[in-house]
Structures are given as C-alpha cells and as structure tokens.
Amino acid sequence: MKILVLVKQTFDTEEKIRLQDGQVQEDGVRFVINPYDEYAIEEAIRIKEAGDAEVVVVSVGPSRSEEALRTALAMGADEAILADDSELFGDEYSAAKVLAAIARKDQYDLIIAGNQAVDDGSGQVAVRLAEELGIPHISTLTKLEVNGNEVIGHRDAEGDEEIVKATLPVLVTAQQGLNDPRYPSLIGIRKAGKKPLTHVTLADLGLTAEEIARKSEVVETFLPQPKTAGKILSGDLSQQVSELVTALHSVEKVIG
Amino acid sequence: MSRKALVVADVRHGKLRNVTLEMLGAATKAAEGGEVAVALLGHQVSSLAEGLGKAGADRVYVVDAPELEKYTPGAYRKALMEIYRVFSPELILLAHSAIGKDLAPVISQRLGVGQVSDAIAVELTNGQLQFTRPIYAGKAFTKVVVKSNPVVATIRPNNLAPLAEDAGKAGTVEALSVSFEQQDLATLVQEIIQKASTGVDLTEAKIIVSGGRGVKSEEGFAPLRELAEVLGAAVGASRGACDAGYCDYSMQIGQTGKVVTPDLYIACGISGAIQHLAGMSSSKVIVAINKDPEAPIFQVADYGIVGDLFEVVPLMTAEVKKLLA
Numbered sequence: 001m002k003i004l005v006l007v008k009q010t011f012d013t014e015e016k017i018r019l020q021d022g023q024v025q026e027d028g029v030r031f032v033i034n035p036y037d038e039y040a041i042e043e044a045i046r047i048k049e050a051g052d053a054e055v056v057v058v059s060v061g062p063s064r065s066e067e068a069l070r071t072a073l074a075m076g077a078d079e080a081i082l083a084d085d086s087e088l089f090g091d092e093y094s095a096a097k098v099l100a101a102i103a104r105k106d107q108y109d110l111i112i113a114g115n116q117a118v119d120d121g122s123g124q125v126a127v128r129l130a131e132e133l134g135i136p137h138i139s140t141l142t143k144l145e146v147n148g149n150e151v152i153g154h155r156d157a158e159g160d161e162e163i164v165k166a167t168l169p170v171l172v173t174a175q176q177g178l179n180d181p182r183y184p185s186l187i188g189i190r191k192a193g194k195k196p197l198t199h200v201t202l203a204d205l206g207l208t209a210e211e212i213a214r215k216s217e218v219v220e221t222f223l224p225q226p227k228t229a230g231k232i233l234s235g236d237l238s239q240q241v242s243e244l245v246t247a248l249h250s251v252e253k254v255i256g
Numbered sequence: 257m258s259r260k261a262l263v264v265a266d267v268r269h270g271k272l273r274n275v276t277l278e279m280l281g282a283a284t285k286a287a288e289g290g291e292v293a294v295a296l297l298g299h300q301v302s303s304l305a306e307g308l309g310k311a312g313a314d315r316v317y318v319v320d321a322p323e324l325e326k327y328t329p330g331a332y333r334k335a336l337m338e339i340y341r342v343f344s345p346e347l348i349l350l351a352h353s354a355i356g357k358d359l360a361p362v363i364s365q366r367l368g369v370g371q372v373s374d375a376i377a378v379e380l381t382n383g384q385l386q387f388t389r390p391i392y393a394g395k396a397f398t399k400v401v402v403k404s405n406p407v408v409a410t411i412r413p414n415n416l417a418p419l420a421e422d423a424g425k426a427g428t429v430e431a432l433s434v435s436f437e438q439q440d441l442a443t444l445v446q447e448i449i450q451k452a453s454t455g456v457d458l459t460e461a462k463i464i465v466s467g468g469r470g471v472k473s474e475e476g477f478a479p480l481r482e483l484a485e486v487l488g489a490a491v492g493a494s495r496g497a498c499d500a501g502y503c504d505y506s507m508q509i510g511q512t513g514k515v516v517t518p519d520l521y522i523a524c525g526i527s528g529a530i531q532h533l534a535g536m537s538s539s540k541v542i543v544a545i546n547k548d549p550e551a552p553i554f555q556v557a558d559y560g561i562v563g564d565l566f567e568v569v570p571l572m573t574a575e576v577k578k579l580l581a
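Chains as they are written, first to last, in the numbering used here: chain A, 1 to 256; chain B, 257 to 581.
To be clear, the hints were calculated from the coordinates, so they are not data collected in a lab. Quantities reported herein were computed from a predicted structural model and do not represent experimental measurements. One or more hints might be untrue.
To be verified - 30 Å max Cα-Cα, derived DSSO-like pairs, lysine-lysine:
#1 B/Lys451 to B/Lys462
#2 B/Lys403 to A/Lys231
#3 A/Lys253 to B/Lys514
#4 B/Lys462 to A/Lys227
#5 B/Lys451 to B/Lys577
#6 A/Lys227 to B/Lys451
Take the sequences, apply the hints, and build the full model.
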C-alpha cells in the first residue's frame, strides 16, 4: 500500500502574531509541523508498521518547510516531496491543483491530511484534493481502521461520532485524538538525512501558472483590538458570586 | 449590482440551526435586491421549508431523499449541484459547521471557484463582497475577496445578525428530485453515536462553561456541567484538561480545537495559554475563575474571581437558580 501524507509547516501555537506593513512577520518565530498533520503522519507510520506500506510526505510551501518534512522522515516516513517553487503558491484552489498533480504521478491508495492548519485554518485543501482526484473522503477522524480494501473512519461531527465506511483509494483527514504522535528517535533523525527529498517546480508537474491561478485574494490583514483586563471582584466569595451574577444579568444582559 | 444568493440550510438532528437565519440575513444584504433562495437537504425535512419561506427566503429548494438522511459528501454534493444548476446563484453560503465545513470545499473545487472559510463578517465594498475571517484562530484577521463566480463562503455561527422577522414574506417551496448513483454514495454512514453532553453545541452556544487543568479530574467537570445546565450552556475545555484525559477532545477550545464566540464564556481553572486565548477571546463577556491571581486568563476577562472553582462554581449555580426562580 502506498500512502501520501499532506504536511504544512506552521507557527508554533504559542507564538504571538506581529504585523509589519500588513504582513505577518516570520523572523524569530518557532515553526512546527501543523499539529493536525502530525496526527496524519503518525497514523500513516502506524499503518506501515502494522503491515506493508510506503509513506510519502508532501508539502506545498517555502523552502523552510524542508525542516518539517525532515522531521516527518525522522518519525518514519520513507520519502518526501517539497513543492517550494513560488510559482506554485496561491490559494486553497491552487494548492489542491498542485497536490493533485503530485498525487497523479503515483498510485496512492490512501491520502491522509490534517483536517485544517492552525495558521490559515480554512480546512479546504485536503477535501478539495479528494474532489480534484475524484476519490471519496472522510474528514475529522478520531479513529481509522484499514482492512484490506475497506476503510472505516470514526468521524467527529460536532461531538457526535459517525462511523463511516469507504473503499480505497480514499482521502481522510485527522482530528485531534486520532493518535499520540511520536517524537523522532535519534536513529530516526540520523536516517532522515539520507532519505530522498525531491523538490518539484511548476514545469516538473506539467502545470501552467494560469491553471493554478488563485481564485481568492487577501486584501487586508489586521490584528484584533487588544482586550483590556476587566474587574477582579473582591470581598467574601459568596458576595463576589452574587455581584457577578447580578452584573451578568442586569449590566451585561447575557443571562436570565 | 444585484446578485442571486443561495443559503444552504444547516440542519442538525432534524432541527434548523440559528446560523441558517444568520446566513439569510447576510445573503439578503449581499444580494442587493437579488433573489435569495435556501437549499434544504435531508430526509423528511420538508416541514422546515415553510418556516424558511417565512423567515425571508424568496424560494426554498428542497431535496428530500433517504440518501440524504445522514450527511455524506457525495450525496449532498449531488443534491446541491442540482440546485446550483436550477438556480445558478452568484453567492453560496454554508455554515461553518460539521456539514458546511466538509461540503463547501467539495462544491468549490467542483465548480473551480474560490472559497472563504469561517467568515465572521460580510460587507459590500464598491459593489464587491468582502469577507472578514480569522487567521491563527483569531490572533489576526484578514479581509478576503473571491474573484470567481460563484463566490462560496462558510459562515461562523453567532456572528452575523439574523434577518428581522418579516411576517409578510412567504417564499415559494420547490421540491427537486435527484437520482443518486453509485459514485454519489462512495462513503456510507454505518452508525452515529451521540456523545453525552448538555445537548448544546459548542460552536453555536450562547454561553459556554469551560474547564482547564484546575478541574483536576474527569469528575471535576461535574460542577461545571451543573452550572451549564441551569444556564442552558455548553461545556468546553482547554487543551490542558483534554491532554490530561479529563475530557473528550471534541470539547477542546483553542487554536487546536474549536474557536468559539459566545455571549458569555466562563473559564474555570484555565490559566490562559496563548493558544487557548486565541480560541475564545472574541467572546462578548468573559468570566475567569482561577486560584492564581497571576493567571493570564485575567488579562482578557471582563470579570475575575480569584478563588477555588470547586467553591465558586457551585455558588454560582445556586445564585443563577435563585435569579431564574
């Protein structure tokens, strides 16, 4: 079985966002593998360990993303593809087109992705890719079972758990709780340096700038109004609670 | 310039969710006098159609079929594409909910168009639709325009004004029949397990009572659930509480997890890590209860009580009961 895992490198979730000239600043920022994609990588490696599978990780993003792919290789993936040609960058539509061109170069039985990235958070790319490839998808999985050609996904649907069946090839996306991603071992890190990592360009993929051109555009980026600290109540506890409930009822009008 | 707008009704457990009316409000504004239709997909949902007509839709397209009883992307795609073919809208709005989040990208890629996810505001700027949406879970925001036709967007519940009651309206209801083929039914829902909760959905809740590491155990959520029950609130959690195994990940609020914007957010025993604050600091009123007066959560709280949540929360429950009695 051949598994493709979609990976994005993102800001660590503890990073604050700084803007300069309307652009998010990246200097000094700690980058990580998008946490949802870590679940995807871990799941692919577990399938590989349980049977016979080859795991390819792919990322569309700037060259710094190589670090994320190397980490995935160190976790146990076999091969990496990095689409870091800036001509390949656009919006979610473009990314799906690029990933589809990469996926079509091989025969993947299973594609696993995070259900969204913690930076843009649009949650579109993986599902768009499934649609582009004409294969079914099951999103936000907290459990995945692959038995031969049959896939059973346990899907988190706003708290409800849906048990969904499909047949390979299929694309699935990971929700939190799918597994507990491993840290790369020292030996894994050593091996990762020798595993193949291929850079691909627009020309390599046989695409034109026109066919992957973005369909949406960000016209402005801004920070929210900083929230100011409010009132710390004082007095004995029951007095504080009574004051709070009264304020929520008659001043804020959010209860009662 | 007027445009035709289609709102995809968000139905959960046979009920219409509020976000549908919020989308109708946005669609009516965005349509600039153009026709506004609602797509109602499901099985035995026709009874909801009339209400939608009264709620401000000029037209309600209903696809009622057993294949649509449980959501699957293939069958819903087929039904929605049929409505698209008949109505040819220039704007399609879906909820940023379990269904909308999953269905919107399917439709967008099929149509080869751009999509805005999780929009919290829609405005018309020089005749062009501009959507505001969070990035980094709300640590920053962007304004986005879609250059393709149609424009597709998912709308975050609780953020847009619903249409004012307009009793004068009575939109027409039109049933469409769709035949589903094997390729539309590539995924099959075998079972749905409804998890125990207060029954109020986190993303649409007006009030959320949320617990962090301070709840100390799975049982520690009990007083929070009691408070939530009297308030009609949903119960959420921080990553700390989920990672510690006190609760299910589906309850997690934050940059990893759900982003919420209720009217009232009550944070109990939550210190306020940056990634948690990103997921809740747009709430209208924030109450923090924490033993540690230095906890960062107090910096975003409108009201803070420094104290043990196991003392404060039951007192609050009693006080709210008194108020509502």
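Checked hints:
no.	hint	result
1	B/Lys451 to B/Lys462	holds, 20 Å
2	B/Lys403 to A/Lys231	violated, 45 Å
3	A/Lys253 to B/Lys514	holds, 25 Å
4	B/Lys462 to A/Lys227	holds, 20 Å
5	B/Lys451 to B/Lys577	holds, 26 Å
6	A/Lys227 to B/Lys451	violated, 34 Å
Hints 2, 6 from the earlier list are contradicted by this structure; the remaining hints agree with it.
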